[in-house]
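A.B. asks: Listed here are the chains, written in short residue letters.
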Amino acid sequence: MSAAEVQTASGAQAIQIDGLRVVFGDFVAIPQLSFIARYGEVHGVIGPNGAGKTTMLDVITGKTRPQGGHVRLDNRIDLIGMDEPAIALAGVGRKFQKPSVFEALSVRDNLETALRLKPRSILAEIRHWSDPRRAERVTEVMDEIGLARLADKPAGILAHGQKQWLEIGMLLMQRPKLLMLDEPVAGMTEEETRHTADLVRRLRSPDRAVLVIEHDMAFVEEIADRVTVLHEGTPIFEGRMADARHNAQVRSVYLGR
Amino acid sequence: MASDTFAERHRLPLLSRIVVATLIALVVAVPLLGGPLAGSAAGLSPYMANIIGQIATFALLALALDLVWGYGGILSLGHGLFFAAGGYLIAMHMLKAGYVFGGVTPDLMTFMGWSELPVHWAFFESFPYALLMIVLVPGLLAFLYGYVSFRSRVSGVYFAIITQALTYVAMLMMFRNDTGFGGNNGMTGFTTLLGQDIGGHAMVVGLASASVLALLVAFIGCSALLRSPFGKLLVAIRDDEARLRFLGYDTLWPKLAAWCLSGILAAIAGALYVPQVGIINPRLLSPELSIEIAVWVALGGRGALSGAVIGAAIISALKFWLTGFVPEAWPFILALVVLVVVTLLPNGLLDLKPQVLWRGRRSGKRGMIE
Chain A
-17 MSAAEVQTAS GAQAIQIDGL RVVFGDFVAI PQLSFIARYG EVHGVIGPNG AGKTTMLDVI
43 TGKTRPQGGH VRLDNRIDLI GMDEPAIALA GVGRKFQKPS VFEALSVRDN LETALRLKPR
103 SILAEIRHWS DPRRAERVTE VMDEIGLARL ADKPAGILAH GQKQWLEIGM LLMQRPKLLM
163 LDEPVAGMTE EETRHTADLV RRLRSPDRAV LVIEHDMAFV EEIADRVTVL HEGTPIFEGR
223 MADARHNAQV RSVYLGR
Chain B
11 MASDTFAERH RLPLLSRIVV ATLIALVVAV PLLGGPLAGS AAGLSPYMAN IIGQIATFAL
71 LALALDLVWG YGGILSLGHG LFFAAGGYLI AMHMLKAGYV FGGVTPDLMT FMGWSELPVH
131 WAFFESFPYA LLMIVLVPGL LAFLYGYVSF RSRVSGVYFA IITQALTYVA MLMMFRNDTG
191 FGGNNGMTGF TTLLGQDIGG HAMVVGLASA SVLALLVAFI GCSALLRSPF GKLLVAIRDD
251 EARLRFLGYD TLWPKLAAWC LSGILAAIAG ALYVPQVGII NPRLLSPELS IEIAVWVALG
311 GRGALSGAVI GAAIISALKF WLTGFVPEAW PFILALVVLV VVTLLPNGLL DLKPQVLWRG
371 RRSGKRGMIE
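Chains as they are written, first to last, in this note's numbering: chain A, -17 to 239; chain B, 11 to 380.
Rather than coming from a laboratory, the hints here were simulated on the basis of the structure. The beta carbon of each residue, even a glycine, is placed where N, CA and C say it ideally should be. Among the hints, a few may not be true.
Have a look at the derived ranges for each label pair, beta carbon to beta carbon [unchecked claim]:
{"no.": "1", "chain 1": "B", "residue 1": "Arg27", "chain 2": "A", "residue 2": "Ala106", "range": "31 to 37 Å"}
{"no.": "2", "chain 1": "B", "residue 1": "Leu262", "chain 2": "A", "residue 2": "Ala200", "range": "56 to 62 Å"}
{"no.": "3", "chain 1": "A", "residue 1": "Asp56", "chain 2": "B", "residue 2": "Leu262", "range": "35 to 41 Å"}
{"no.": "4", "chain 1": "B", "residue 1": "Phe137", "chain 2": "A", "residue 2": "Ala117", "range": "20 to 26 Å"}
Covered, in the sense of this in silico footprint (three residues per stretch, anywhere, with C-beta under 8 Å from a C-beta of chain A), are these stretches of chain B [what the hints assert, rightly or not]:
{"no.": "5", "stretch": "247 to 258"}
{"no.": "6", "stretch": "274 to 286"}
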């Protein structure tokens, strides 16, 4: 899979990873990875445990420093070397694998907190907390994720699925350019999974790239326009999920057949 | 429903209102019953006024810790450091003022055979200067320590251990005679504060009233701060700091702000405490006090300022009472109370209070609205 083949697809590049290398001690997590996610697409990343999926997200979000390579947002901002808050403010939102919401705060407060109207200063953010744009955006997002009737409940009492949707909502507050979901349906009931699939499909937007890491192949097939299969830190397939299922190499490393 | 929740979000919880009402009553009652009405049946003896004053400083200290531990999730096992810093600074003021204006030579000069006080005692005869130092020195200490730790993401139990180690280091330093803080003996023999006799009735009642007032102001101020967006950020840091960072907040600054404020409040408590007990020595920096502060907060219920205040007040009142006749039993009683609370009341005494019933009724009402 060369980068040139990917270029033929429609949609501008949101995130471009070039020659990424990540090493933990003696363990080479990602030897040499190039990857592109495009605006207007939902891009699934699958692969067996240890394939480097989460490591890739860690590098994009600034949690892990790579040994080499570049990660560019919009073909210009190099994210390597920026810290997590700066990368988030540049337009990269990440949902963690484990639901990560502020349990003692209400659903509304969780969403309010997630919006940075004054990215330069936290003090300015606090002073402009009651800016009407904040309340407006909270209402929009609450409708989008379907939690409006629970607005004043503490997030801690929400069901597992509702917490995951709330966290997605928190990321949406900021209107991220790149939205990354790390196993969004892990531990969800069938109904919650269906609901999440609907939500993720609605997240597709011309000004946004959505990256979904998932083990649940049926879920990926349902939501993703494009799939990348990672194996030992290297992409071994990129294309439609239906084709991935029939790819001999994918079957041998991922499906174990 | 909307107006109901609005009201709920903007008013103090029941227990906080009880604490505020009690403190207001004390702010009025202590000077009144300790002063003009001291001789009457309801009068307050200087001994009782002093106990109330001391308990108020402990409650302020507990409130300071709850601010960072209960709300920010930052456990300090070294808040004795800030408390002692405030205490040492006010003691320096009292000794220096007594020396300069009253001609009373501080003991530590006699012990060390000094004819002059060391250079860091300069200007301490001035009360406003001492007040400034009581805010600046602990504030700066808190800033330096907090900046280094939070920047390198030291948190949780590691942070707690380092706070304790740092306080221990300070204790060793204060035990030395040549550092100019009175060494092992500490500082005592205070004569006057603000020109008033330190042991006088008026001073005892005045200090007790000032302590209760300081607690009241700190309680109301911190409650307001915690209900503001700043308080929400602090709780967000406690609940999931990584999530907040990945939402674009550099959490260093809100943590540092809360940490410094907490250190300054603890120092003010110490500065009010020392004139009331008439002595300060390095034992205030021992691990026992710092751990006991955390016990007050844990017993009272962290994450609610009222819990911290009530916990500190109950435990220290119990201590005053019991050490009167069974002093050697106190550590065992404290340990027993800790065990009972930790196993049976995970949220501290807040689990016991009528709010459990009250909350039950309220959630029932809410359930109907749902």
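A.B. asks: Against this structure, judge whether each hint is valid.
C.D. replies: Tested hints:
1. Between Arg27 (chain B) and Ala106 (chain A) the Cβ separation comes to about 33 Å, which falls inside the hinted range of 31 to 37 Å.
2. At roughly 43 Å, the beta carbons of Leu262 (chain B) and Ala200 (chain A) sit outside the given window of 56 to 62 Å.
3. Separated by about 28 Å at the C-beta atoms, Asp56 (chain A) and Leu262 (chain B) break the suggested range of 35 to 41 Å.
4. Look at Phe137 (chain B) against Ala117 (chain A): about 48 Å separates their beta carbons, and that is not inside 20 to 26 Å.
5. With 10 residues having a Cβ less than 8 Å from any Cβ of chain A, the stretch 247 to 258 of chain B passes the three-residue criterion, so the hint holds.
6. Requiring three or more residues with a Cβ within less than 8 Å of a Cβ of chain A, the coverage given for the stretch 274 to 286 of chain B is violated, as only 0 such residues are present.
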